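Colleague: This is what each chain is made of:
Protein chains: 2
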Amino acid sequence: YLYPNVLHQLYWGYRESFLCIRLSFVDFNSFVTRTNTCGELRSAHVGQEVTLYGWIQYQRQGLFLVLRDFQGLTQIIIPQDEAHSHVKKLLSNAPVESVVRVTGTVSLRPPGQENPKMPTGDIEVKVETAEILNSCKKLPFEIKDFIKKTEALRMQYRYLDLRSFQLQYNLRLRSQIVMRMREYLCNLHGFVDVETPTLFKRTPGGAKEFLVPSREAGKFYSLPQSPQQFKQLLMVGGLDRYFQVARCYRDEGSRPDRQPEFTQIDIEMSFVDQAGIQRLIEGLLQYSWPEERGSITTPFPSMTYEEALADYGTDKPDTRFGMKIVDISDFLRRSDIQFVQNALSYPRGTVKAICIPQGVRYLKNKDLESLKESAKSQFNQCSALGSLRLESADLLEAAGLVLRNPTVFHFLWVVDFPLFLPKEENPTELESAHHPFTAPHPSDTSLLYSDPTKVRSQHYDLVLNGNEVGGGSIRIHSAEQQRFVLEKVLKEDSEVLSHLLEALEFGAPPHGGIALGLDRLISLIVDAPSIRDVIAFPKSFKGRDLMGNAPDYVTPEELEPYHIQVSWPLAEKEAKKT
Amino acid sequence: YLYPNVLHQLYWGYRESFLCIRLSFVDFNSFVTRTNTCGELRSAHVGQEVTLYGWIQYQRQGLFLVLRDFQGLTQIIIPQDEAHSHVKKLLSNAPVESVVRVTGTVSLRPPGQENPKMPTGDIEVKVETAEILNSCKKLPFEIKDFIKKTEALRMQYRYLDLRSFQLQYNLRLRSQIVMRMREYLCNLHGFVDVETPTLFKRTPGGAKEFLVPSREAGKFYSLPQSPQQFKQLLMVGGLDRYFQVARCYRDEGSRPDRQPEFTQIDIEMSFVDQAGIQRLIEGLLQYSWPEERGSITTPFPSMTYEEALADYGTDKPDTRFGMKIVDISDFLRRSDIQFVQNALSYPRGTVKAICIPQGVRYLKNKDLESLKESAKSQFNQCSALGSLRLESADLLEAAGLVLRNPTVFHFLWVVDFPLFLPKEENPTELESAHHPFTAPHPSDTSLLYSDPTKVRSQHYDLVLNGNEVGGGSIRIHSAEQQRFVLEKVLKEDSEVLSHLLEALEFGAPPHGGIALGLDRLISLIVDAPSIRDVIAFPKSFKGRDLMGNAPDYVTPEELEPYHIQVSWPLAEKEAKKT
Numbered sequence: 001y002l003y004p005n006v007l008h009q010l011y012w013g014y015r016e017s018f019l020c021i022r023l024s025f026v027d028f029n030s031f032v033t034r035t036n037t038c039g040e041l042r043s044a045h046v047g048q049e050v051t052l053y054g055w056i057q058y059q060r061q062g063l064f065l066v067l068r069d070f071q072g073l074t075q076i077i078i079p080q081d082e083a084h085s086h087v088k089k090l091l092s093n094a095p096v097e098s099v100v101r102v103t104g105t106v107s108l109r110p111p112g113q114e115n116p117k118m119p120t121g122d123i124e125v126k127v128e129t130a131e132i133l134n135s136c137k138k139l140p141f142e143i144k145d146f147i148k149k150t151e152a153l154r155m156q157y158r159y160l161d162l163r164s165f166q167l168q169y170n171l172r173l174r175s176q177i178v179m180r181m182r183e184y185l186c187n188l189h190g191f192v193d194v195e196t197p198t199l200f201k202r203t204p205g206g207a208k209e210f211l212v213p214s215r216e217a218g219k220f221y222s223l224p225q226s227p228q229q230f231k232q233l234l235m236v237g238g239l240d241r242y243f244q245v246a247r248c249y250r251d252e253g254s255r256p257d258r259q260p261e262f263t264q265i266d267i268e269m270s271f272v273d274q275a276g277i278q279r280l281i282e283g284l285l286q287y288s289w290p291e292e293r294g295s296i297t298t299p300f301p302s303m304t305y306e307e308a309l310a311d312y313g314t315d316k317p318d319t320r321f322g323m324k325i326v327d328i329s330d331f332l333r334r335s336d337i338q339f340v341q342n343a344l345s346y347p348r349g350t351v352k353a354i355c356i357p358q359g360v361r362y363l364k365n366k367d368l369e370s371l372k373e374s375a376k377s378q379f380n381q382c383s384a385l386g387s388l389r390l391e392s393a394d395l396l397e398a399a400g401l402v403l404r405n406p407t408v409f410h411f412l413w414v415v416d417f418p419l420f421l422p423k424e425e426n427p428t429e430l431e432s433a434h435h436p437f438t439a440p441h442p443s444d445t446s447l448l449y450s451d452p453t454k455v456r457s458q459h460y461d462l463v464l465n466g467n468e469v470g471g472g473s474i475r476i477h478s479a480e481q482q483r484f485v486l487e488k489v490l491k492e493d494s495e496v497l498s499h500l501l502e503a504l505e506f507g508a509p510p511h512g513g514i515a516l517g518l519d520r521l522i523s524l525i526v527d528a529p530s531i532r533d534v535i536a537f538p539k540s541f542k543g544r545d546l547m548g549n550a551p552d553y554v555t556p557e558e559l560e561p562y563h564i565q566v567s568w569p570l571a572e573k574e575a576k577k578t
Numbered sequence: 001y002l003y004p005n006v007l008h009q010l011y012w013g014y015r016e017s018f019l020c021i022r023l024s025f026v027d028f029n030s031f032v033t034r035t036n037t038c039g040e041l042r043s044a045h046v047g048q049e050v051t052l053y054g055w056i057q058y059q060r061q062g063l064f065l066v067l068r069d070f071q072g073l074t075q076i077i078i079p080q081d082e083a084h085s086h087v088k089k090l091l092s093n094a095p096v097e098s099v100v101r102v103t104g105t106v107s108l109r110p111p112g113q114e115n116p117k118m119p120t121g122d123i124e125v126k127v128e129t130a131e132i133l134n135s136c137k138k139l140p141f142e143i144k145d146f147i148k149k150t151e152a153l154r155m156q157y158r159y160l161d162l163r164s165f166q167l168q169y170n171l172r173l174r175s176q177i178v179m180r181m182r183e184y185l186c187n188l189h190g191f192v193d194v195e196t197p198t199l200f201k202r203t204p205g206g207a208k209e210f211l212v213p214s215r216e217a218g219k220f221y222s223l224p225q226s227p228q229q230f231k232q233l234l235m236v237g238g239l240d241r242y243f244q245v246a247r248c249y250r251d252e253g254s255r256p257d258r259q260p261e262f263t264q265i266d267i268e269m270s271f272v273d274q275a276g277i278q279r280l281i282e283g284l285l286q287y288s289w290p291e292e293r294g295s296i297t298t299p300f301p302s303m304t305y306e307e308a309l310a311d312y313g314t315d316k317p318d319t320r321f322g323m324k325i326v327d328i329s330d331f332l333r334r335s336d337i338q339f340v341q342n343a344l345s346y347p348r349g350t351v352k353a354i355c356i357p358q359g360v361r362y363l364k365n366k367d368l369e370s371l372k373e374s375a376k377s378q379f380n381q382c383s384a385l386g387s388l389r390l391e392s393a394d395l396l397e398a399a400g401l402v403l404r405n406p407t408v409f410h411f412l413w414v415v416d417f418p419l420f421l422p423k424e425e426n427p428t429e430l431e432s433a434h435h436p437f438t439a440p441h442p443s444d445t446s447l448l449y450s451d452p453t454k455v456r457s458q459h460y461d462l463v464l465n466g467n468e469v470g471g472g473s474i475r476i477h478s479a480e481q482q483r484f485v486l487e488k489v490l491k492e493d494s495e496v497l498s499h500l501l502e503a504l505e506f507g508a509p510p511h512g513g514i515a516l517g518l519d520r521l522i523s524l525i526v527d528a529p530s531i532r533d534v535i536a537f538p539k540s541f542k543g544r545d546l547m548g549n550a551p552d553y554v555t556p557e558e559l560e561p562y563h564i565q566v567s568w569p570l571a572e573k574e575a576k577k578t
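Which chain is which? The protein sequence lines are A and B, in order. According to the UniProt record's numbering, the first sequence is numbered sequentially starting from 1. According to the UniProt record's numbering, the second sequence is numbered sequentially starting from 1.
Quick caveat, the hints were computed from the structure, so don't treat them as lab data. Everything numeric in this text was worked out from a predicted model, so none of it was measured. Misleading hints may appear alongside valid ones.
Put simply, identical chains are the same to the list, so a pair is met inside one copy or across any two.
[Claimed, not checked] Cut-off 27 Å, straight-line C-alpha distance, at most; resulting in silico cross-link-like pairs (DSSO-like, lysine-lysine):
1. LYS137 / LYS488
2. LYS316 / LYS423
3. LYS364 / LYS542
4. LYS208 / LYS219
5. LYS148 / LYS539
6. LYS208 / LYS539
7. LYS488 / LYS138
8. LYS488 / LYS376
For reference, chain A alone in the conformation it holds in the complex:
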């Protein structure tokens, strides 16, 4: 962290008329009485009288202490003379992590005592006055040890966990990246930032949407999984181009390790096609990419859904390493291995393999056993090879190879998804591969009526290092086509979407958009172990707030205005009785 912090950005758009210069000096010391942060002072400041605020990171009893704030550390020299004995007494008794204010003079450290690893390592501050602003009781764990503690303890004491360098860095970088995204969308491309409601109602197939009781008996609001309907209606309303950093909600129920609320960069445009959205996103990410994390190249490569499944066994391939799936049917066609001949005898029977380079050298017997067990458990799934490819990569990396460098960013568009897929629980019925508002490929429109399973969609996913970080589509803008898809293909009740269907009949423009999973994207950029490390107050594995204890019981009186009561499960009813 340097002060002044110079941010210099020159951006040339694809049109000559584009020019954006941003030169700004961030003032971290405005509106407060400190003269400097704890990360700023350098030899150039020697001789200056300064006022610093911070936390006592460390104290060498009565001699010096290290003061910390969000910007860094400063060495503070405790005066030893009689005139300052009260200052010495005050500071000596202050526990670690107390908050203090000190004033003093900046001096060069004695020769040989400079610390080259510390940005302020050339100087120290000789204290003139000091004040303890707040003391700190004994900590449940040391701030620097936070990373070794269980997640549960870290979450319970999140306000202490936040003092760590890593979390501060993650949250600040997140703030800066999103600010850059806003500049690109709002200032350079005229997108309008619009807030959409979160108290809405259930969408069809919205089993994952939280309910919110209302004061009208029997009626509930619902928290939306995305602003999908509203962003389309904004296009019908002629807003032309919209974006929002949107809070989305999803009740995953028995699928743990998901945040019940998460954030999307939500975008919609009128009169745009698939390529337009893709160029927008490439420009957005390139503009917002933090310099310290390298740079990204555009355009991103593109792969069809079929190719992704064939070569990588997944619709979100990690292209940082090879080990692609190879069709070896012809090679084995003359073999006399019974199960191979059996498989090849089927109409579309194939034999596929992945080659693990240096596998003989790096993998042990137990690794091969682990892969065999894994294969057995996924026996009838076509994604089996894809997941074995990833497990093999895990095993090779555990053995010391570097296959997937987290500081290298492989983006990829996956396109030409099918519009519909058979339902898992009942393959004779169809569901949307993306969502019901996705438009068919213009060449496949007639197939919609004759053979919907063959229709390709205008849906595109954005993959980063094998993770899905975004997805979107060009939408259906014809009310007739939308009604057909809902009622005749998906056999859904179109009544709950009547407002959207009617809106399409009032001159809806062609439109499309995309949403990026912000938490996931940031966690990949900073190489965090989990998305919980890029969220200030995340929920636990099971969706609980361990710090504040939510969700929590409420009294029957609190439920009364909402005309609801709790249906206690039988076991709990019995327990309550006894």
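Starting from the structure of chain A, add chain B where the hints point.
Modeller: Frame of chain A, contents of chain B only:
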């Protein structure tokens, strides 16, 4: 709207090291195939081949049409020659509000046919090709007539209402103002934009918080009224300065005309005092104020709570006009009017009056009757004169005087509130005037223990033209003081806030902040009749979404995972039986 749209901002901070230059050309035509918007073309474009997309605003049958998009209107000339007969047929049959794409050449309008009131009024486009992208069925009302329709109809067809100039202007200006606020806070002053959870739990006295059922029987999340607790914990976590454009939730129950969800500009800082927060907000508003709405002067004037009540009869005075409350007790002390003498005989009895200038000339008998009735209905309230002052202003304005110019912006800080007020329903008990985390005035700390009703707080409200647009305070950072206030003065259960109390014991820095009501602020800046005119999809008077029909019934199966059931009121139960 000019293209290129040049935004030039030079900002000198109070320190010489401050410099921010922003020069940007917004490209509204990126990523799409249009060459221009419908508001851009000028005589300088004559001869150019252009591609435009838009809605048919008006058609002079088969001769010309007016094409509209978010930026403006363009006159489109329909070709009359045989070679273009298919184009003429296509466009002639297109209903108003259909979406079309046209290509053609820009020409000067014939002399005498220019329209000086239209930015594109010097030119027209002679169509070469045209395509109807989507038709429009018969509208429920004309777009230009939207403002005369009932709010209910406008809300039901919000996606049509959004096409009006006024709503588009409001939403775009809101987006730009908020972007400027972000630049000021994030880029110039180093604030970190942090998202805080909305699935939390009830706060003490949080009767207005919506509940969200969870899958744990009997346990509920709660939607917060503000990020208050979290922003304080971010300060304890050493983040130094935070902001968020935060969605807040409030179930107003039987108080209608409130949005159940609304937005605050939420801010918190460490090591700051009341004056620091005030200077920050003045700078923020000055930087973000839209040029087309004039400018504002800082610093804002300041008034104590006592002065506000005494002179204006309210804690949110409208200082755009006089008619202050005057104490005329001395003037009437020798009068022989019985009720006056009676009032003055009480220990703190006073007689106060407001003088209505030109009242004799402008107010009629029925106006005076109306004021008398109003006074009767508020007889025992000290705010009676304050509200009569406002009603008198309403009456004078109805008679033609201009007292409160909506394009003049009178900001005002109201300070020195009492820390506690007697509860309305039981005056022997105390409640917080602002909230329980507000710090007492440093000079009044000892009074906290001896006579809490006399303690002044470090709470400050921001008033604009008689509306409260913001409020904040310096917080209590001592766990001991906070516990005392909660348990001994407010007699609240401090257990539900144990995480916050414990956090204060771990070296919480002195901190304070503020929240601005964004919807209210924007509605005042654009002089909108209601905050519903600055929100894309507002709720109705009773908190309903009239377009999507929310809240709505759900099936018992949908309630089952949440272990709740509906308690139907008796009347409805009977109705269901029959």
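Colleague: Give a verdict on every hint.
Modeller: Hints and how they fare:
Taking CA atoms no more than 27 Å apart as the test, LYS137 paired with LYS488 passes between copies only; the shortest distance there is 23 Å, against 66 Å inside one copy. In this assembly of identical chains, LYS316 and LYS423 lie within 27 Å of each other by CA distance solely inside one copy; the values are 20 Å within and 59 Å between copies. In this assembly of identical chains, LYS364 and LYS542 lie within 27 Å of each other by CA distance neither inside one copy nor across copies; the values are 35 Å within and 68 Å between. In this homomeric assembly, LYS208 and LYS219 come within 27 Å of each other (Cα to Cα) both inside a single copy, at 18 Å, and across copies, at 18 Å.
Proximity of LYS148 and LYS539 under a CA criterion of 27 Å is satisfied intra-copy only: 19 Å inside one chain copy versus 48 Å between copies. Proximity of LYS208 and LYS539 under a CA criterion of 27 Å is satisfied in both settings, with 17 Å inside one chain copy and 24 Å between copies. In the homo-oligomer, the alpha carbons of LYS488 and LYS138 lie at most 27 Å apart only across protomers (26 Å), although the nearest pairing inside one protomer, at 66 Å, exceeds that limit. When the C-alpha separation of LYS488 and LYS376 is checked against a cutoff of 27 Å, the pair qualifies neither within a copy, at 39 Å, nor between copies, at 65 Å.
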